[in-house]
Structure formats: C-alpha cells, structure tokens
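Number of protein chains: 2
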Amino acid sequence: MLYVVGTGSGSRGGMTIDAEQAILNSDLIVGYTKYVELLREHFPEKKYFSTGMKQERERVEAALAEAADKTVSLICSGDPQLYGMAGLAFELSANYPGTEIKVIAGVTAAFSGGAVLGSPLTHDFAVISLSDLLTPMEKIRKRLECAAECDLTIVLYNPSSKSRADYLKNACDIILKYRPGDTVCGYVKNIGRDGEESRILTLAELRDTPVDMFTTVYVGNSETKIIGGKMITPRGYKNV
Amino acid sequence: MLYVVGTGSGSRGGMTIDAEQAILNSDLIVGYTKYVELLREHFPEKKYFSTGMKQERERVEAALAEAADKTVSLICSGDPQLYGMAGLAFELSANYPGTEIKVIAGVTAAFSGGAVLGSPLTHDFAVISLSDLLTPMEKIRKRLECAAECDLTIVLYNPSSKSRADYLKNACDIILKYRPGDTVCGYVKNIGRDGEESRILTLAELRDTPVDMFTTVYVGNSETKIIGGKMITPRGYKNV
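The listed protein sequences derive, respectively, from chains A and B.
Just so we're aligned: the first sequence equals residues 1 to 240 in the working numbering.
Just so we're aligned: the second sequence equals residues 1001 to 1240 in the working numbering.
In short, the hints are calculated from the structure, not lab data.
Here the structure is a predicted model, which is why all the values come from computation and not from measurement.
It cannot be assumed that every hint is accurate.
Subject to a maximum C-alpha distance of 30 Å in a straight line, what follows is the list of computed DSS-like cross-link-like pairs (lysine-lysine) [as the list claims (entries may be wrong)]:
#	chain 1	residue 1	chain 2	residue 2
1	B	Lys-1139	A	Lys-169
2	B	Lys-1102	A	Lys-34
3	A	Lys-169	A	Lys-34
4	A	Lys-139	A	Lys-54
When you get a sec, could you build the whole thing from the sequences and use the hints?
Following this line, the structure appears as structure tokens:
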C-alpha cells in the first residue's frame, strides 16, 4: 500500500488527521531529505528513506518497490499533487502491478501562506511556478500574461533560485503591463516553520525585492486591499 | 479570539490538527447551517450557532460579536479564504476593535477532490467560480478564456445551481475554443462525504453532463492523461 501524503507547511498542526494516521500506520516513510528531517522531529520512532533534490524518480521508484509488501508513505510538503510526487507515482505504477496508491491531500503553501497574510485567496486565482526546469519559459510567460490580463489573484511558487535570480523581477514586469504598480502584493517565507517571515508590499516594490526559493509570492487582484495590516481580497466585485 | 477555520472536505480526517484544536478550544462554533450539522456529528458536545445561505454577513458579525469575550471558531468548508468567510471577517473587524483574528487554513475542494481523481493538479492551475452572484459574468467569461488559452488546468467551483443550469455548458463552450473535445476532464461530487461520486470524462462529454452545486469540476491541461483509471497531469512538458 502506497500513501502519497501531503504534510502541509511543516508544523505538525498543519497536517491533516488523515496524513498523521497514514504516517503512523506506515512501515516506512520516503521523502526528500529536507522534509524527512522535518518530519523526523514529529515522528522520531518511524523508519525513513530519503533522496536529494532532482532525484524524484528514484524516490518514487523506491517507495513503489517497498510498497509491494509494506505500508509506505511517500511524503511531499504541502499537497502531494501540486509540484509533488502523486502524478509521478501513478505514472510509474504500471511497473508495480498490484500496489494500491492512495493520495492524501494536504494544505498547499498558497493557502497556509495566505492565512499568514490574511485572506489574499478569497476569490478566483491562479498558481504558477516560475521554475523552468520542466516547463518552457515561453509557457510560463504566457500564463503570467493571461492570469494578469483577467485579474486573477496570482500565487507564484519557486519564485527564485541561485540560477534564476531575476525570474521574479521578470514576472513582475509582465504583470505590470496589466496591473498598476500599487497593486497589493505579499510574500511568506518558511511558512509554518522556524524563521517564518511575511511582508505586504506593492507590485512595484515586489519587482525589486529579492526572495529565495522557500518563499511563496502573492499578487492581488484589482480589488485586493490592506485592512489592519492584512492582505485581503474581497469576495466579489462591488459593482455587481 | 476569533479563529476562522477551514474544516476541509467534510470527513474529520480531512481536517488539520490545528483546525481540530481550534474547534475543541472554542466556546462557540459559528457556521452555515449545513456545515454546522456535519461538524456536530464529529463534535456533539460543542455549542453551535448557524445561519442560512446568503446570510454570510450576519454570520460573521455574530462570530465577531461573540469573540469579544469568548473563543469562537467561525467554520468554513474547505479553506476559509477561498469563497469563504476569512476576508469578510477582516473587512468587518474594524467594528470590533481588540478582537484578534487567526485564519486556520484547510484543504480546499480542488485538492481533496483532486486526490479522489488521481493527480489532476500536479502543475500550474486556476480556480474559477461560475457563480455570478458577486462577480460580473463578463469577468468570469474572460477568466475562462484566459485560463484556457494558456493551458492552465482549470478547477471550476459552483459549476451549477437551479437558476444557473446551463453555466457549465457555457463554460465548456468557451474552453472548447482553445482545447480539443478529447481533453481529459473529471468531477467529484460530495467530496469526503456520504454519496461521494467521481467520474473521468472528455471535455465534449462534460459539456453535456449535468452536475449539481456540490460538485467540483476539473479540466485538464494539454498533457493531462488517464493512467489506470486516474486523471493525471504530468509534472511538466516532455519537450523541455
């Protein structure tokens, strides 16, 4: 039995009860090195196997192989679908017939970070990753254009890395073609973990603010405002 | 103290540990009649106050007023931001100075339903509500156009109601201008609750399928496929 489990933002309380149960019931927990370390603090008695970054395929293969005769939890931060391992587990499962896969949803960073900022995601929104590792940059640019044009609140994942230092600036420049510089934006770093940090700022300021890969970025829609220091998108449009 | 709490899809296990704690620590639980009934099954010993549909303002005002000298949980299904009460609580909070508001994120239907279908939300996506109660229909149409044009996976909330029987059909017609009729789609009804039902079908079939307001609808991107009866969006694009 393979559970593909979303562990939420990193605190034990951000995990669902189903996720906790799956982990407690598993013979083996498989995950990315960093997230296995975080989980080990909450469940020190469990047995773990971890692989490093860009070793997703090896990680999923290992989890599927062990799940043939054990109960295994393949853990992902946030939700296991979104930029996670659930899809890959199903894609590789043909080589492991008879292994049942169950996806256990988790709270993705868009929502756990949004709760820190206030309520930026009250209304329609898009999530776009700025990583071009597996997606052509042309496609990412097009998505930013479209999401900005139709006034969706935009959540940016993987906004930066050492090799992609200017990606957030470039993304803001695309969005600035459609939205004013004073559009309310925000970001949260290390959501639910030690060193959690958040800031609310304008789109113009965001353009020139360096963020790291552990940061989730929010660009408000035309109605998003600041209320009592929180980033709030209303439930609708006043002129309806 | 006011907690604005996302209770997830409806099963107790789909709730986060933080959400459960907030509810257990509250003197009063405030929510929409239907969700209060569901929660009462899990926490029969708690005190509840409920209001009906379209009485969101009354509900939030009641929660804020009680929170002046009590610990109150204002509950929302899924996540409390998305089409929920968190934004409104902050908007109305100026009238209740001194009341602290804390948002406790939950698993929204996009993810709990996605886990039932497989992994439709592996990559960039948009969430769009088809309800035009608070949003001009022109804006909803534009968002469907844009999301379809840039190949985002699309999740549709509030796809139908008695007075909006043809809204899903109209939405599919817009998406069909950009995506072929054999695009992999899916829907899940009553996620995590009695009567849960899901189906994977083509966009052309979806267009002519009646769904109700308790259904969440998924339109895959150009890479979404069916693997072992599950709806799977890959992590990226093969031609990168």
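Going through the numbered hints above, which ones does this structure break? Give me the numbers in ascending order. Checked against the structure, no hint fails, so every one of them is satisfied.
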